[in-house]
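Undergrad: What follows is the residue order along each chain.
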Amino acid sequence: MTASNVETPLIGYPQPIASDTGDGSLDGVRVGVVTFPGSLDDRDAVRAVRLAGGSAVALWHDDHDLQGVDAVIIPGGFSYGDYLRAGAISRFAPLMEQIIAAASGGAQALPVLGICNGFQVLTEAHLLPGSMVKNNHLHFICRDQRLRVENADTFWTSDYAPGEEIVIPLKNQDGQFVADNRTLDELEGEGRVVFRYVDENPNGSRRDIAGISNAAGNVVGLMPHPEHAVEAGFGPDSSARGEVEVRGGTDGLGIFTSVLKKLVR
Amino acid sequence: MTAETSKKFNIDTVANAESTPGQPLPWAELGLKENEYRRVEEILGRRPTGAELAMYSVMWSEHCSYKSSKVHLRQFGEKVTDAMKEHLLVGIGENAGVVDIGDGWAVTFKVESHNHPSFVEPYQGAATGVGGIVRDIISMGARPVAVMDPLRFGAIDHPDTARLVHGIVSGIGGYGNSLGLPNIGGEVVFDSVYQGNPLVNALAVGVLRHEDIRLANASGVGNRVVLFGARTGGDGIGGASVLASESFDSSKPSKRPAVQVGDPFAEKVLIECCLELFKASVVEGIQDLGAAGISCATSELASNGDGGMHVELTNVLLRDPSLTPGEILMSESQERMMAVVTPENVAAFEAILDRWAVEYSWLGEVTDTGRLIIEWDGEKIVDVDPRTVAHEGPVYERPYSRPAWLGGVQADSFTAPSSGIEQPADLRAAVLELMASPNLCSKDWVTNQYDRYVQGNTALAMPDDAGVVRVDEETGLGVAISTDANGRYSYLNPYEGARLALAEAYRNVATAGAVPLAVTDCLNFGSPEDPEVMWQFAETVRGLADACQELGVPVTGGNVSLYNQTGGVAIHPTPVVGVLGVFDDVARRTPSGWREDGQAVYLLGTTADELDGSEWARLRGHLGGQPPAVDLTQEKTLAAILVNCSRDGMIDGAHDLSEGGLAAGISEMALRFGVGARIGIDELCERDGIDAFTALFSESQGRAVVSVPRSEEVRFNDMCTARNFPTLRIGVVDTENQALDVQGYFNLPLDQLREAHEGTLPKYFG
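Protein chains in written order, with the working numbering: chain R, 1 to 265; chain Y, 1001 to 1766.
Honestly, the hints are just simulated from the structure, not real lab data.
All of these numbers come straight from a predicted model, not from anything done at the bench.
By construction, the Cβ of each residue, glycine as well, lies at the ideal position given by its N, Cα and C atoms.
Hints may contain errors.
What the hints assert, rightly or not - For each label pair, taking beta carbons as the anchor points, the in silico distance ranges come out as:
hint, chain 1, residue 1, chain 2, residue 2, range
1, Y, Asp1320, R, Ala215, 45 to 55 Å
2, R, Leu138, Y, Lys1085, 45 to 55 Å
3, R, Leu138, Y, Gly1568, 48 to 58 Å
4, Y, Ala1347, R, Ala58, 18 to 28 Å
5, Y, Gly1759, R, Arg85, 32 to 42 Å
6, Y, Gly1759, R, Leu138, 19 to 29 Å
7, R, Ala215, Y, Val1346, 21 to 31 Å
As the list claims (entries may be wrong) - Straight line, CA to CA, 20 Å or less: simulated SDA-like cross-link-like pairs of lysine to any residue:
hint, chain 1, residue 1, chain 2, residue 2
8, R, Lys134, Y, Leu1215
9, Y, Lys1443, R, Lys262
10, R, Lys262, R, Lys134
11, Y, Lys1279, R, His64
12, R, Lys134, Y, His1166
So here's chain R without its partners, still in its complex pose (with noise of 0.2 Å):
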């Protein structure tokens, strides 16, 4: 990084974003987050959602209802410890049962994204496709990684453009994408690759896949986590739409806020 043009953005206080239509304005917008037991990054994306300038709603993962909300996000962590395999036992939570139901539902689909242990439920739970096996290395890493949006046009990304890069923190165990290669030339085919890892693959995902969309473009997976760079201060050192200040960046809000939009309009 040269630091000749630094630009300093304000580091402060959470500021929500303002809307940006005239008529409806986005923190008409309900977004749940779903809590299941070690669910960690839960509060993170009600934090996300919040500056991106909407409403969000805590769901939890025993309940039937989903009430009443606009998308779903679910979080990261380790439900249920990640014990037998990652996202396997909380697919089979009541809620999950309601996400899947409405997730499916054709042009009036629930907008649904799971970030890394989200992810990995979704998979499970057959909204996406593929599955995510141990990294690699072995190890756990978390680190600032570099992704290029490679799919502009569905619920979660219509605010970046399509092949816009991205820096947002990657921080997992079990985030090795794989699938077998018709299903991999299957979601290239179709433009259902959302994100690819750029620069260096972290984990020796298939095709350096970071994240993926189902058929419908509502229902979005990936393992980096866009709520880790939503605020100034407290994201990656880096950022891939300018250079910014120590923990400064925040390209993951435009996740947050393409939903936002997309709903309010």
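We have chain R; now place chain Y onto it with these hints.
TA: This is chain Y only, laid out in the frame that chain R set:
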């Protein structure tokens, strides 16, 4: 549990003990000394039952009773001024100390050791070390918000070191990452003195509102006593008494079964469940189960409260139904808590535990009899005064004497001609060697296995001087924490070594921009039965207590780990000191690197010929002389300058100088953001009367390097002058040439420096 089951054990009841006074008991195997066993008999007026013996043996162990260290540790309570108590809400003696940080917020923090288990079974030993300290924090009523781990291993190239490094680092990561706690700092040190005794210390920080403080006591006659969390199993029996209170000896069988096994998922659920219990105000007193398990929890809760408790032990939920009452009392199974609940709150308590699917069992109730009565199937197996178990254990005034060898070691100075060691001819090569050395190389390989992002409040983490987390999202109120120790300094002079450890941790917190507020310590030593080790311990405590008083920061709690020795050889005395500081707004924290072209680089403080005990001396295989002098008045002034600079926006980067001196300091500052600088040291050499090598490698204290924006230089200089603190402009930040250019001596491209710095750990452990 049926009567039929209990018959299996041929229960040793109190009545049986009274009628069979001559029955031999395995007190020596359980770690009690003969005089201690006789004392138990005297207290009870009869021989103890098997269950009572189990309780006394664990609670009177060195690990639980502090019997060798207590007489010295008193100084932490005695050398305290009223001003030091100002921010202290809960002091030494509870599960962890609690400090007021303003706006109704409080912080609790503590560092503990898990050394012995981590050598025997590295992954589980290190993992349960994190689990134990986190439960201490929960017990105070706080939400844990961060952890950090000061680690010390044997020589980096020793064949056993990789086993320990891999196991311990992945154990800390595996447990801490699963709890959702950011790991924001710590230390990694390699030294052959820790070969058979790695030091695995674990620190945790928690946040709470003043009104949420919970204490470990059982009050209110008729209140119910409940055990909840994981079931009780056969793991960790004798962990405290046998493992942590004895030296290792190759002639004895493996102690692996004495190590506990952790389940981080159970702990994460326990954290959330406890926080909900606190929020609903349905527990009167709470205590975590760590060392000595149920023995400790029942006796401490009872003796801190109304003095009595009645427990039916067959109600304990077991993983292994074959456990005897004594084993149940001693088991150190993890992820368990004990609480006291009023009868009216029982239903509410049960509803919250059911919601989190946490198992619980009602064990008994609080009484005012002054006795802790434990029954097995209605038969009395324990009848003791709980204070005699928890608080009135043996206290030893262990003999101590200054080691005979110390005079010779202190006379052997690194820079004296007699050492026969010459200065390096090539300073550029020397800097590269230093920055690639095991103790100054990049620790990314370790810290990249820890989650530093979770909770979204981490404002600084490694490799910055201190870890910083935000406490209040509205105001930005937050805390900084740093831990430090230098076993080599303490070996040369334990009194000064303790003061140096505190000075560095204090300086680190201030360098990050926080006002230092309180101290926690983990005192790692060899066997207290060795008078020379005991002298090192006594000197350390004296030095630390004196220094705390001089700096005005109280010790709020901590831990002593003795018997860190193998085959008669003790580790270097290693007092790990953690300092907590407060920010009114973490937005003004200072990172440990410079970034902006043209900013001035200043050195604060003066440099003397102080290479004894230094990292450079280590690289030349030398350990002798006296450690650097520490002047706490200067440290206070330096800290005030650094905090004010941060508050008023006068500096953009700051890094304290310690191990590796100026050479390490400017290298790390350049690597932090990958930005070079042009540095001149001739004026420094002239002012302080030293040569270039000394300027770069001396470890003189009370120093820091800062980068100052051009527009702030006048104000910055005025402030230092007003405080009569020596400063010197030694260079300028240079974003054009990707190099650290020490003019007239060497030019080091950052790529080359980074390669040397980052290559070491992957080379040995990658």
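Undergrad: Now tell me, hint by hint, if it's right for this structure.
TA: Hint by hint, here is what the structure shows:
1. For Asp1320 (chain Y) and Ala215 (chain R), the Cβ-Cβ distance of about 51 Å falls inside the hinted range of 45 to 55 Å, so the restraint holds.
2. For Leu138 (chain R) and Lys1085 (chain Y), the Cβ-Cβ distance of about 49 Å falls inside the hinted range of 45 to 55 Å, so the restraint holds.
3. Against the hinted window of 48 to 58 Å, the Cβ-Cβ separation of Leu138 (chain R) and Gly1568 (chain Y) comes to about 38 Å, which falls outside the hint.
4. A hinted range of 18 to 28 Å for the beta carbons of Ala1347 (chain Y) and Ala58 (chain R) is consistent with their spacing of about 24 Å.
5. Between Gly1759 (chain Y) and Arg85 (chain R) the beta carbon distance is about 36 Å. The supplied range of 32 to 42 Å therefore holds.
6. Here the CB-CB span from Gly1759 (chain Y) to Leu138 (chain R) is close to 21 Å, well matched to the stated 19 to 29 Å.
7. At roughly 52 Å, the beta carbons of Ala215 (chain R) and Val1346 (chain Y) sit outside the given window of 21 to 31 Å.
8. A hinted pair counts as satisfied when its Cα atoms are at most 20 Å apart, and Lys134 (chain R) with Leu1215 (chain Y) does not qualify at roughly 42 Å.
9. Our distance criterion of 20 Å between C-alpha atoms is broken by Lys1443 (chain Y) and Lys262 (chain R), whose separation comes to about 43 Å.
10. A C-alpha spacing of about 34 Å is found between Lys262 (chain R) and Lys134 (chain R), which places the hinted pair above 20 Å, so the restraint is violated.
11. Under the criterion of a C-alpha separation no larger than 20 Å, the hint pairing Lys1279 (chain Y) with His64 (chain R) is inconsistent with the structure, at around 25 Å.
12. For the suggested pair Lys134 (chain R) and His1166 (chain Y), the alpha carbons sit about 17 Å apart, so the restraint of at most 20 Å is met.
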